[in-house]
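Protein chains: 2
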Amino acid sequence: MNIMKTMRKDIIFQPKGFLFSAVEAAIKKPGRKDLALIFSEIESVISGMFTTNNIKAAPVKLDMKRIKSGKGQAIIINSGNANACTGRQGLMDAMEMAEMTANALGIKTGMVYVCSTGVIGTLLPMERIRPKIKELADNLGKNSINDVATAIMTTDTFPKVVSKRIRIDSKTVTISAICKGAGMICPNMATMLCFIVTDANIDKSALDNALKKAVQRSFNRITIDGDMSTNDTVLIMANGLAGNALIEKNSKEFDRFANALSDITYELGRMIVKDGEGATKLVEIEVKNARNEEDAEKGAFAIANSMLVKTAIYGNDANWGRIMAALGYSGIAIKEEKIDIFLNGLKIVNCGMGMGKDKQANKRLKGKELKIVVDLHLGRYAAKVLTCDLTEDYVKINAEYRT
Amino acid sequence: MNIMKTMRKDIIFQPKGFLFSAVEAAIKKPGRKDLALIFSEIESVISGMFTTNNIKAAPVKLDMKRIKSGKGQAIIINSGNANACTGRQGLMDAMEMAEMTANALGIKTGMVYVCSTGVIGTLLPMERIRPKIKELADNLGKNSINDVATAIMTTDTFPKVVSKRIRIDSKTVTISAICKGAGMICPNMATMLCFIVTDANIDKSALDNALKKAVQRSFNRITIDGDMSTNDTVLIMANGLAGNALIEKNSKEFDRFANALSDITYELGRMIVKDGEGATKLVEIEVKNARNEEDAEKGAFAIANSMLVKTAIYGNDANWGRIMAALGYSGIAIKEEKIDIFLNGLKIVNCGMGMGKDKQANKRLKGKELKIVVDLHLGRYAAKVLTCDLTEDYVKINAEYRT
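Heads up: the protein sequence lines correspond to chains A and B, in order.
Just add 103 to the spot in the first sequence (first one is 1) and you have our numbering.
Just add 103 to the spot in the second sequence (first one is 1) and you have our numbering.
None of these hints come from the bench; they were simulated from the model.
Relax, there's no trap hidden among the hints.
Treat identical chains as interchangeable: a pair holds within one or across any two.
With a straight-line cut-off of 25 angstroms between C-alpha atoms, the simulated BS3-like cross-links for lysine-lysine are:
hint : residue 1 : residue 2
1    : 469       : 499
2    : 131       : 462
3    : 316       : 377
4    : 450       : 474
5    : 460       : 132
6    : 499       : 471
7    : 377       : 499
8    : 168       : 307
9    : 401       : 391
10   : 136       : 235
11   : 274       : 316
12   : 164       : 315
13   : 316       : 487
14   : 164       : 441
15   : 471       : 391
16   : 466       : 131
17   : 164       : 174
18   : 168       : 438
19   : 438       : 171
20   : 174       : 315
Just so it is clear, the structure is predicted and the values come from calculations on it, not from any experiment.
One chain only, chain A, in its complex shape (with noise of 0.2 angstroms):
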């Protein structure tokens, strides 16, 4: 367990409304908590953003229906068990969780979402959740958002948490947040959960306008193995209980929210990528000086999803050949003859050649963090990326059945 070693220290702020609660409901195994609930005293504006997957689990294609009225006040999540490809019987069993938790809480259905993360095309053991569900709703309080972020854990090693305090006239707006991660990251948020909570008083298309500047920065912007989930899921739901005025569009006070809410999902990516199964490094991506910013982030991507780049990286290996190659195979504008590349500030390639560093640029490799830098010299646009090298550990956990 590398739990305590890595897990941040920071004191987690706790919005004004919210209550939150983790059972045990032995979805996949016993001997940990696996059900939870978010839930806010008022009802909350919300917003979200879901897989681009065309497979999309129940919940999800539920959540999608229901988030079009733009009022939230409960999210039921459970892990071990993904519910997706579970046919018109996994739909239903998502409709019930919501319905249970709706009767539980007194309100109603349509204000409960509901978030499964685990093994694909195996039905939910709703036997064992339905008795679980009053508890969930009585326990609200007892528990912390820490133990949610606990609870909805799967291969992951720590739990994720981030939040943070502004001021807006005069008000304390508190956000804060949780998340998933491990397996099958990469762009467009494969397989993540992640919920944010908000006592700012917001209007909703400008909640629907930071969170997706958010997430386009941050966790569309991070890969572990290039696979993409059915599952992925962010929601925010914001209660106005701080008393702020309204939060609207083009104003500063919007602009304070926007960024505080990057800021929150930039360090959740962090983690994130940090936890990638098996990972032992993290690896920042960045391509600049591209002719537009879609070659930038394209280029960025082709190296941070390359095999042999990330298995270069774990080995200590200063193997810029396999970054060009990337770079080549991505299709984006380069020219090589102009293309620069460094490794935590040394310069390795100078117009598409090696410098001869290669003995002192494999020592710099050796850290925790690396930065690679590719600087096309092309246009004026960037795209930063952040991914994790690829061990044999990544393949241990994946082939867990392996007999």
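Got chain A; can you put chain B on it based on the hints?
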């Protein structure tokens, strides 16, 4: 060494008028032959296909210019160094290799093609290559095509040679081919060199056409790690010494020749995947009844390149949820509720849902070869892709410098 276990025992036919040679030049390290020559006694018609990576090795750039003449007589190949990302000096080295070879053989420089494979970003050790070129020419005829196949190996564990004889207007026409593969194998022939020699008398545009077809359904439909190299080259020389009447397009003779060539490249493609770095299983993935061939191919590649699918296969884990997820993010047209999936003939997914046959399916995964069929029930197009599993050994091989 598992060379003896896996090497094909077939008789290798040699086409008329071709001579082979291989010597030791200690390009990367001493103790093995790493410089080879293929020579036709008379000028040949030549066709080629090259990497689509925007970063191309120096010899690739040279050959792409040279092949416009449509003629060739010799190919010099080195392993241990890719002569890629080596700037102007790299191009001069490739040209010098061609020129020295032409001089030693007494032919025109423009008739010599150069291929390199190995590490990117290091200049060729020309001081060790130069003195060996004369020896290479002198040895012609003392070595066989198998010796060339062995000399071009990098991380390959066995040489790859296939040959075939066909009758064309009562003449015997022989086609023999060798290739190397191993890492950086992905669509578009990544880090692969393939040399085909034939004594067929064939028209240049017919040869181009037959090669393109053969490569499209073989080397362009295999993937090991999704990485595409800077050096991929397929060259075919036809010297006409079989004495058959000229083969032209749109004839029965052309079809016979093209089919034989396709069989050869398909067989070589299988060998490359079987010999994928660290691979323990050969996996054929077929997506059928897609809306169009592009969708079928894209879907099959998404599954074949998924690290989660590849590790599950390694782990003998019939985790069809990972197959569904890969299909979902491939971006092709699908209807979840129409998808059927078969593992070695056993139906495990029916109408998008599991059939509870996971234990039976896990057993079927224990063999060395696996066939996954995905039926989309949307149209009538299909595509097959060959790949292998992802193992700890792949990571070890590619993180070799780890200390």
